[in-house]
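Chain S is fixed; fit chain Z onto it per the hints.
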Amino acid sequence: MNIFKKEPNIKFLNKRFYAFGLSLLIILTGLGVYLTKGFAVGIDFSGGTLLEVSFRDPMNVSKIRAILAGQGMTNAQITQVVRENKFFIKTVSVSGNNIKDDSIEDHEVIARKIKSALMTAEEKTSTQRELLDLNTNAEGEIELFLRSRAVAPEEAREASRLINQVKKNETGLIRSYDELAKAGVKQNTLKQIRETTYLGNFAVLKTEIVGPQVGKMLQEKVTWACIWALLSILVYIGFRFKAILYGLSGVLTLFHDVLVCLSFVLFFRIEMSLQVVAGLLTIVGFSINDTIVVFERLWENLRSMRKENLEVILDKTLNQTLSRTVITSLTVFLTVLSLFIFGGEAIRSFAFVMLVGVIAGSYSTIYQSCAWLKTWEKSLLRRKKS
Amino acid sequence: MEKSLNWRIPLVLIVIILAVIAFYPPAKKISLGLDLKGGMHLTLQVLTDEALAVQTDMQVDQLRSSLKENSIKYEKVIRKDYHTIEISGTLPENERDLRTAVLDKSFQDWTYYFSGPVLVMKLKENIERTLRDQAVLQALETVRNRVDELGVSEPTIQRERNDKILVELPGIDNPGRVKSLIKSTAMLEFRAVAAGPFATREEALKNYNGVLPDDLELLPTNPRRLQEGIYAMPKAAVVSGTDLRKSRRAQDDYGYPAVGFTLDSQGAKKIEKFSSANIGKLMAIVLDDRIESVATIEGTLGFESIIKGRFTYEEVDDMVLVLNSGALPAPMRYLEEQTIGPSLGADSIRKGILASVGGLVLVIGFMLVYYKAAGLNSVLALILNMVILMGGLAMIKATLTVPGIAGIILSIGMAVDANVLIFERIREELGLGKAPKSAIEAGFKKAFRVIADSNLTTIIAAVFLFSVGSGPIRGFAITLIIGIMASMFTAVFVSRVLFDLTYGRQKSIKKLSI
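Protein chains in written order, with my numbering: chain S, 1 to 386; chain Z, 1 to 514.
If you're looking for bench data, these hints aren't it; they were derived computationally from the structure.
Glycine included, C-beta positions come from ideal geometry on N, C-alpha and C.
It is possible that some hints are incorrect.
[Said to hold, decoys possible] Between beta-carbon pairs, the in silico distance windows are: (1) 6(S) <-> 380(Z): 26 to 32 Å; (2) 220(S) <-> 130(Z): 37 to 43 Å; (3) 511(Z) <-> 6(S): 15 to 21 Å; (4) 130(Z) <-> 84(S): 49 to 55 Å; (5) 127(S) <-> 485(Z): 38 to 44 Å; (6) 114(Z) <-> 227(S): 40 to 46 Å; (7) 75(S) <-> 62(Z): 33 to 39 Å; (8) 269(Z) <-> 75(S): 56 to 62 Å; (9) 168(S) <-> 255(Z): 40 to 46 Å; (10) 152(S) <-> 299(Z): 42 to 48 Å.
[Said to hold, decoys possible] Computed cross-link-like contacts, DSS-like style, restricted to lysine-lysine with a CA-CA straight-line distance of at most 27 Å: (11) 316(S) <-> 445(Z); (12) 308(Z) <-> 113(S); (13) 168(S) <-> 124(Z); (14) 307(S) <-> 378(S); (15) 168(S) <-> 37(Z); (16) 113(S) <-> 183(Z); (17) 11(S) <-> 446(Z); (18) 115(S) <-> 28(Z); (19) 168(S) <-> 179(Z); (20) 446(Z) <-> 374(S); (21) 446(Z) <-> 307(S); (22) 216(S) <-> 28(Z); (23) 397(Z) <-> 168(S); (24) 11(S) <-> 316(S); (25) 124(S) <-> 37(Z); (26) 242(S) <-> 446(Z); (27) 115(S) <-> 183(Z); (28) 316(S) <-> 37(S); (29) 216(S) <-> 445(Z); (30) 246(Z) <-> 270(Z); (31) 168(S) <-> 29(Z); (32) 308(Z) <-> 246(Z); (33) 270(Z) <-> 216(S).
If we strip away everything but chain S, and leave its shape as in the complex, we get (with noise of 0.2 Å):
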């Protein structure tokens, strides 16, 4: 099977002011989105206390807010997990709008406050009742509470763990107390259980508190890596292909990914984390790839073509490696869209910033690098002639 029938023959390099103005039209809505909201930050960056709680129950966002606002946080970001009965309760600052007069104890305390917020009027009065939340207790703290209520050690100890494999299902909560029967829970055992614990309606799945200054070092860090890997791609390609415009032109090209990718992390108001950066530093690695493989032809064939003009040469190029661009792209596309749809919360953001970028990658290897190519034509061939 094959995409062309015979090698296709596009003309591509005269079509690039289109390409240009539509890089452009990216970036500037990007760069519009950036002057007027900014970044959304994760906590990486900010500093501050992520929350993912599991409800029992169906909740949504407005009801947390109103829960968490009648106790005074009306700060927090409330956002649910797409089609689950979960959440992400995030706030960034605890004094206001001074992040570095956060220590980190004060994040302890609102994820303790939040926590508390959480609870319904049913379960604070079991709280009180000194009865155990089977669903917001760890497993130590639960075989530690038996203990006390004179359940044996060996058995404490077995039912603990018993009850942390309920909860390893997808919600994280036990429903019911027959669920522990279910499990293997003595029954003698288990009717100590029901007479001196609950079972609340949410469970803390992850709590994540970053101290306000880690995110300054990680910001001063990333940008390091970023500058660091660019230069080290310029110098290498240029190096490679003994000409610096060829580096130039790559880390032009890369340079224009990125900012694709970040004016859509801006756009759809993702939030800028350690995976956005992930994504963007794998794609500058990886969206190189292609240019590479342009180049390398367009080194051969400025060889067997020397009487041709650049733009013919460079459209030859652009279509004798067309099939290779797009499949190649096409392979790690296909990966990626997997992990988008299947991988779940915990690396969308990194799904989503390779989304965008290997197809950016893709057009603007032959869109930015040979563009730039063409536009510096002259010293190129005065360099070839030499």
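Relative to chain S, chain Z alone:
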């Protein structure tokens, strides 16, 4: 059949066997990261400034006595900041003595200069670095002891960049307790009590007419043990944590849990001397600047003692643990904390498997449809690539994380790229009218440089990613690097072997399925 296959096939088989041995059985050989199995991740920072301040304080004491010994008059010796001491009010005629008998003799770790009439001493930079380094190493050791005592299985405790300590505790089941255990500085002191208890700080100050004497400080009680209140006590401790030999579980006179400890001979001497001279007065046991216990000295104290109070058994155990693991040289603060419950990890594994299978099916499907028999070749190479990737991860003892899984999935798509480049080149050579055999030959040869170049750039980017990322992101970078290197072997070398195996026997190949 080509002769070189005689060594190429065994080489491929050996690599497969080594890789399989490395990661089989996967459940044992591939360890899961915290984001997959649940657990707790902490980043702590050792506040080394504070450790330096303690050192400098000691030097100030020494300096004062050294000045006295040499009968050099001075007005004040103060610690300016964590690494600066200022001496004021010395006389010009004493300057030579000051330099030769004091500073050059006993304070060689310090540089000094006069700033007007004030002598400023600064800790030498290399000494400061060493001291900071020691503080972090000592803190690391202490944290390690404490975690070991907790009995967490397979903890990771490592130093990360200068003053940071990374603690990873898989499957940790009581986050709050662990955190306070690790962070407790565990500075245990026996202090004399000057006055108290007072209900509030203000009241305590009133006792001194609003100005607290220089050598006293006010400390609060730990409300879990004692009635809430404030005591005034001398800054200098009678006995400090360094004089402690061993701490253990004990019981008070009524059989309630208490913390018992034994002092070493030096500590015992100090407390004996102090207690015999102060019978009838109050004495306090202070832990991390909070008063744990106050008692009247009824007789001469020996080297055995207990702290009693409203302890639970768990609290006793925890306190014994931190006392025995040694005091931290400097306080620590948390920079980051992540606690992942058991269900999230299990969910991530399920989703990771689904996404991997999805990616594999899509890519394999595409390669088979698009390249037919040659596609099968690349699929075999791809599967081998996965085997080597897993083997490689197991060999370097990498942990599998959520981003790591993403790296594996991405490797699926990237690994076949080398095959695509080769196959496209072969097709092109065929299109130019070359015979299948030489087309294969030329295809592999010409595509090689491009493959090497493009893989190298991807590795460059991954290396930089590794340098910025923390645990999970590093997992991604490593997976990507191994996956790409493995694809150089599988797509270029193994694929070629497969081609040669299929077509090598035939004298002339009529048609290539590609």
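To see whether the hints hold, each was checked on the structure:
Distance hint for residue 6(S) and residue 380(Z): a CB-CB separation of about 29 Å, consistent with the stated range 26 to 32 Å. A hinted range of 37 to 43 Å for the beta carbons of residue 220(S) and residue 130(Z) is inconsistent with their spacing of about 26 Å. At roughly 18 Å, the beta-carbon separation of residue 511(Z) and residue 6(S) lies within the given 15 to 21 Å, and the hint holds. The hinted range of 49 to 55 Å is satisfied by residue 130(Z) and residue 84(S), whose Cβ atoms lie roughly 53 Å apart.
With their beta carbons about 54 Å apart, residue 127(S) and residue 485(Z) fall outside the hinted range of 38 to 44 Å. Between residue 114(Z) and residue 227(S) the beta carbons are some 45 Å apart, a value that agrees with the proposed interval 40 to 46 Å. Our hint of 33 to 39 Å for residue 75(S) and residue 62(Z) is violated, since their Cβ atoms are close to 51 Å apart. Between residue 269(Z) and residue 75(S) the beta carbons are some 58 Å apart, a value that agrees with the proposed interval 56 to 62 Å.
Remark: the range hint 40 to 46 Å for residue 168(S) to residue 255(Z) is upheld by a beta-carbon distance near 41 Å. Between residue 152(S) and residue 299(Z) the CB atoms are about 43 Å apart, so this pair conforms to the stated range of 42 to 48 Å. This hinted pair checks out: residue 316(S) and residue 445(Z) have alpha carbons roughly 22 Å apart, not beyond 27 Å. Distance hint between residue 308(Z) and residue 113(S) is unfulfilled; the C-alpha atoms sit about 32 Å from each other, more than 27 Å.
As the CA atoms of residue 168(S) and residue 124(Z) are separated by approximately 55 Å, the hinted pair breaks the 27 Å bound. For the hint pairing residue 307(S) with residue 378(S), the CA-to-CA distance comes to about 15 Å; that is within 27 Å, so the pair holds. Taking the CA atoms of residue 168(S) and residue 37(Z), the gap is near 10 Å; set against the 27 Å cutoff, the hint holds. Pair hint residue 113(S) plus residue 183(Z) holds up; C-alpha atoms about 22 Å apart against a cutoff of 27 Å.
For the hint linking residue 11(S) to residue 446(Z), the alpha-carbon distance of about 26 Å falls within 27 Å, and the restraint holds. Proposed proximity of residue 115(S) and residue 28(Z) is contradicted: the alpha carbons are some 36 Å apart, above 27 Å. Between residue 168(S) and residue 179(Z), the direct Cα distance comes to roughly 24 Å. Compliance with the 27 Å bound is thereby established for this hinted pair. Of the supplied pair hints, the one linking residue 446(Z) and residue 374(S) holds, its CA atoms being roughly 26 Å apart against a limit of 27 Å.
Between residue 446(Z) and residue 307(S) the alpha-carbon distance is near 24 Å, which keeps this suggested pair within the 27 Å criterion. Our distance criterion of 27 Å between C-alpha atoms is broken by residue 216(S) and residue 28(Z), whose separation comes to about 38 Å. Restraint check for residue 397(Z) and residue 168(S): satisfied, since their Cα atoms lie roughly 26 Å apart, inside the 27 Å limit. Taken as a hint, the residue 11(S) and residue 316(S) pair is honoured in the structure, with Cα atoms around 9 Å apart against an allowance of 27 Å.
For the hint pairing residue 124(S) with residue 37(Z), the CA-to-CA distance comes to about 30 Å; that exceeds 27 Å, so the pair is violated. Taking the CA atoms of residue 242(S) and residue 446(Z), the gap is near 19 Å; set against the 27 Å cutoff, the hint holds. Taking the CA atoms of residue 115(S) and residue 183(Z), the gap is near 23 Å; set against the 27 Å cutoff, the hint holds. A distance of roughly 43 Å separates the Cα atoms of residue 316(S) and residue 37(S); the hinted pair therefore is violated under the 27 Å criterion.
Annotation: proposed proximity of residue 216(S) to residue 445(Z) is violated, straight-line Cα distance about 48 Å (limit 27 Å). Among the hinted pairs, residue 246(Z) with residue 270(Z) is consistent with the structure: their alpha-carbon atoms are about 17 Å apart, no more than 27 Å. At roughly 22 Å between alpha-carbon atoms, residue 168(S) and residue 29(Z) fall within 27 Å of each other, so this suggested pair holds. Taking the CA atoms of residue 308(Z) and residue 246(Z), the gap is about 17 Å. The hint holds against a cut of 27 Å.
Restraint check for residue 270(Z) and residue 216(S): not satisfied, since their Cα atoms lie roughly 48 Å apart, outside the 27 Å limit.
Of the numbered hints given earlier, the model fails hints 2, 5, 7, 12, 13, 18, 22, 25, 28, 29, 33; all others are met.
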